[in-house]
Amino acid sequence: MSTKNRIGVVIGAILILLWCLLPVAWIVSLSFKSQEAITNGSPGFLPSSGGGAGWQNYADVLADEQFRRAIFNSIGISLIATGLSVIIATLAAYAIARLEFAGKRFVLTLALVIAMFPVVSLVGPLFDMWRTFGIYDTWPGLIIPYMSFTLPLAIWTLSAFFREIPWEMEQAAQVDGATSWQAFRKVIVPLAAPGVFTAAILTFFFAWNDFVFGISLTSTENARPIPAALSFFVGSDPFNRPASLLAAGAVVSTIPIIVIVLLFQRKIVAGLTSGAVKG
Amino acid sequence: MTATTVAPDVKRGKRADVSDRSRAENSLGIRLVAPAIFLMLLVTAFPMLRALYLSLFNYSLTAPDERKFIGLSNYVTALTDSLFWRDTANTVLIMVVTVAIELVIGFIFAMVMHRVIFARGVIRTSILIPYGIITVVSGFAWQFAFSNSNGFVNGWLPFIGDDFNWFGQYSSGIIAIMVSEIWKTTPFMSLLLLAGLAQVSEDMLEAAKVDGATWWQRLWKVILPNMRSAIMVAVLFRALDAYRIFDNIFVMTAGAQGTESVSFLTYRQVIEQFQLGIGSALSVLLFLSVLLIAFLIVKIFRVDLAAARQEG
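Chains A and B, in that order, are what the protein sequence lines are. Mapping to the numbering used here: the first sequence position 227 is 210, numbers consecutive. Mapping to the numbering used here: the second sequence position 310 is 300, numbers consecutive.
Bound conformation, chain B alone (with noise of 0.2 Å):
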């Protein structure tokens, strides 16, 4: 039971000044979230709108005084283009395997911070670690660890040869981009399943046990349907996170070899070309995506956030 819930209530004993007191408690809370609410606006909601407006155009940087009017042109030509098409399936595959990835090794962490007896604060502070470090330190990291000639993972790898080039082709190029995102978001993803697994009941998990369910037994139908909300909550961020994805590719390829993501697309053409209006569109797009994204997986799933915060 929540304090919010009690609150009220305690409250409502006083007849007498009901009215004052909630109508001065409105206000006050009013008060209190407009300087947060105006900031969120002012630096998404508005220029969103702006975004729709440019999109209209044809403007760019270079020559702003031939901005004209052109209507949805913009959104035909982005749609018609097989690069918008190229860079958006290359979003969702890093989306789909590096979640995926992320969400199994995350899993196997959190299990294992759980049980963990010894070493508890070292394992927490190195997991904390990549979740810190800087993406574009951490895809420099990779990129020199890939690097065949001054990296180590040729050396390492069997089957690989020495000079071969990872940068050099789409689906290597590809896998490294992976590497670097899977290694710096696990540990955020470890922790949040940590925090569900906490929730599992430990009586009900001896009560399996004795009644001679086998670990995967009680893992399946005791641990994972008692965490659902919390393994939910972890993919429904980290799918949003990943499909994002900008830093990591900037990085490592600059999108050479056809591993682009569609940030890195709408950057290339608002700052490098300064493409405005079909910049504009392209943000347009990709902020379009992304809630139809989360509505997919929120509907698919029933991801239930407010119950998963208490919000109730």
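Bound-form chain A, shown alone (with noise of 0.2 Å):
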């Protein structure tokens, strides 16, 4: 590589990593501006002197009880919602990459046309039959629709995984004299594990992300997730958005990805690349 390649590459690096991380820190300087500061105007990147506030928007976001029941929600629905998805979808794509069966095309298209589907399309209808199952502002009332818009993704992850799995040791323990589900179960599972986890961190980044069906289809606290607890919370002025506050909750709500993020970097790369394009 000339000298004149190598600038730019490091160049590059530089630009990719303000571009990532300049928005995250303005966020989290603006959580430490003080309510007062705002409610004055007070432009410019970091607080201004005087107008910090310490962790007093921290506390303030904290001590909110409708946020402290969104984040219980958010963790709870999207939790559970991931795990009920990757089972699924980790029988689909098993059955996809290993075995013939009349209907495989279909499901592929299926899961293709669905994650391309216009979801805001579904919150009418759905908020209608919600009332009517009685499943309207509770937990599994975002269960259902989150598990049904993530399985696309982790069928298609799941079945590029599934394709590089070395499956002489099914042949192997079926020759052995093990039924096609003892085969699955007993040498499949554990060699398939790395690639379930790396669908279950994207099912989970959907579901924490999601904000039309937390909009539409909660009314209360009882189920409202984060994103749409933080876009309602308005404060004691509805004109004038307590911006350090909602600042302090966005960045709360972000501490789980970026946990997430940085434990299993490289995995939710290979699942987001091994899913779309042979990687």
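These are calculated hints, taken from the structure and not from any lab test. Fair warning: this is a prediction, and the values are worked out from it, not measured in the lab. Some clues are possibly wrong.
What the hints assert, rightly or not - Cβ pair distances, simulated, as ranges:
| no. | chain 1 | residue 1 | chain 2 | residue 2 | range |
| --- | --- | --- | --- | --- | --- |
| 1 | A | 155 | B | 206 | 50 to 58 Å |
| 2 | A | 157 | B | 262 | 53 to 61 Å |
| 3 | A | -7 | B | 278 | 26 to 34 Å |
| 4 | A | 157 | B | 35 | 31 to 39 Å |
| 5 | B | 65 | A | 203 | 30 to 38 Å |
| 6 | A | 96 | B | 193 | 33 to 41 Å |
| 7 | B | 94 | A | -15 | 37 to 45 Å |
| 8 | B | 211 | A | 157 | 42 to 50 Å |
| 9 | A | 164 | B | 56 | 48 to 56 Å |
| 10 | B | 67 | A | 46 | 42 to 50 Å |
The beta carbon of each residue, even a glycine, is placed where N, CA and C say it ideally should be.
Combine the two chains into a complex, taking the hints into account.
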């Protein structure tokens, strides 16, 4: 590589870091501006001198009953949806990667169509249906759509992983007298665990991020997740949003994402790319 | 060569139990995918059919007893309303501009990530943060950044007055929305392109270099043609995702100054005004436009999704 190219790569790398981290730094900085400073107007990236709030905004946000409830809802709903979705997707992806059966193309096409579905167009009928079934504004009312919409991603990611698994081992187990089901459970599941884990992370991201279902299918803090709670969080004066409080809430809601990214960076990249194109 | 194509041959070797085997395999396969199919249809096909049915009625949740059949009138109302066309134009504009910019920036990012030798982990970790962050949070972050009382953008940009109100008129409002959208989704684009870039053979690049091809020629004649399917898949996914833009608009402008998208219009009719009849008609139209866009992209660019996924 020539020196010119090397300098280009270094500049590019710095630009990527700025692109990704500057807005995050901004929202963190905003969360330390005091609420008085925000009301009076405090332009600038960093809190002005005397306009800092220390940890006050975080204390206020975490003291807010509705926000605490939203965190609880988001964690509970996302984890349950992720768990169930990954189990169902694992079964389907195994069948797609491994077995010859009628309707295989149908499943793949259906998954593709659903991944591209305009979510808002379902809100009306689901709103109506969920109220009839009595699951409007409940956890299951959100878990079910989250599962349906994460299944395509999970099925793709998993079937891509499953194709890489050394299947001779399954055949060896079958030769030794194991049924298809035993070969699946005893041999393949342990081998497939890393892929399953990646699918789980991507599913969790989707559920954690969802906003459309979160605002349309809930009406109270009974099931309202964090994104919806943040958007309804207007404070005492609805014409002057409490920017720094919101920023503190936003930072709190981003912490789980950052922790997951830090721990599992490699797996997420592999999962994202293998799901869509050969990686 | 994938295991899928090997396996049946191996099994066909044992002639005696071919039919039993394949019948068992078929039924196991169907049983394994059944729960996934059921769930996916429960929340999409069934409500979509219901929307199709409701769209033929004048039906408001505030007066459910006055529901009456009006045929295709809701569609006529929607399609003759300038609001629908204005919002469709907005949505198409956002889709075309954001995808085009993301493609260019995403490709540059992918090139850098492909070549970079130091701090690989740090860069890949950072690029996942915008991807993973909640869209609503991204919307808030950018809304406050553009705000003239508490943001920093006006102070940093030359030629822009410190009291410029970005959300005061259409043009700057829609730019702010697009900035948030582009910031959040470029990393996804660049990761898909990075996977495509990894497929371009280094030998071929080296050969082109030896033959005297300039960097620019190598880019257009070797790299881009060889990652065509990756680019097409990324464009298709992002375009359809951009067409349903909702979160950023809800948070940043709530549709003020005419910055509404079709998704936002549909949401407003159904959830805020309880007009399930016309709202359902808009839902159906939204679904049809997404299908149309998918069809156009696949036809125009001849995207072969099966090949891209090695489905064959």
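Original post:
Is it true that residue 94 of chain B and residue -15 of chain A lie within 37 to 45 Å of each other by Cβ?
Top reply: For residue -15 of chain A against residue 94 of chain B, whose Cβ atoms are near 23 Å apart, the range 37 to 45 Å is violated.
Subject >> Satisfaction of the hinted span 26 to 34 Å by the C-beta atoms belonging to residue -7 of chain A and residue 278 of chain B >> reply: violated, 48 Å
**OP:** Could you check the hint for me, namely that residue 211 of chain B and residue 157 of chain A are 42 to 50 Å apart, CB to CB?
**Re:** With a Cβ separation near 49 Å, residue 211 of chain B and residue 157 of chain A satisfy 42 to 50 Å, so the hint holds.
Original post:
Lying within 50 to 58 Å: is that true of the beta-carbon distance residue 155 of chain A to residue 206 of chain B?
Top reply: Roughly 53 Å apart at Cβ, these two residues keep to the hinted range, so it holds.
Original post:
Do the beta carbons of residue 164 of chain A and residue 56 of chain B sit within 48 to 56 Å of each other?
Top reply: holds, 55 Å
**OP:** Determine whether the Cβ-Cβ distance between residue 157 of chain A and residue 262 of chain B falls within the hinted range of 53 to 61 Å.
**Re:** holds, 58 Å
**OP:** Look at the Cβ atoms of residue 96 of chain A and residue 193 of chain B and judge whether their distance stays inside 33 to 41 Å.
**Re:** Holds, since residue 96 of chain A and residue 193 of chain B (Cβ atoms, about 39 Å apart) stay within the stated range.
**OP:** Hint says 31 to 39 Å; check whether the CB-CB distance for residue 157 of chain A and residue 35 of chain B agrees.
**Re:** holds, 36 Å
Subject >> Supplied distance hint 42 to 50 Å, evaluated on CB atoms of residue 67 of chain B and residue 46 of chain A >> reply: Once the Cβ atoms are compared, 48 Å apart, the range 42 to 50 Å for residue 46 of chain A and residue 67 of chain B holds.
Original post:
In this structure, is the beta-carbon distance linking residue 65 of chain B and residue 203 of chain A contained in 30 to 38 Å?
Top reply: holds, 34 Å
The structure is inconsistent with the numbered hints 3 and 7, although it conforms to all the rest.
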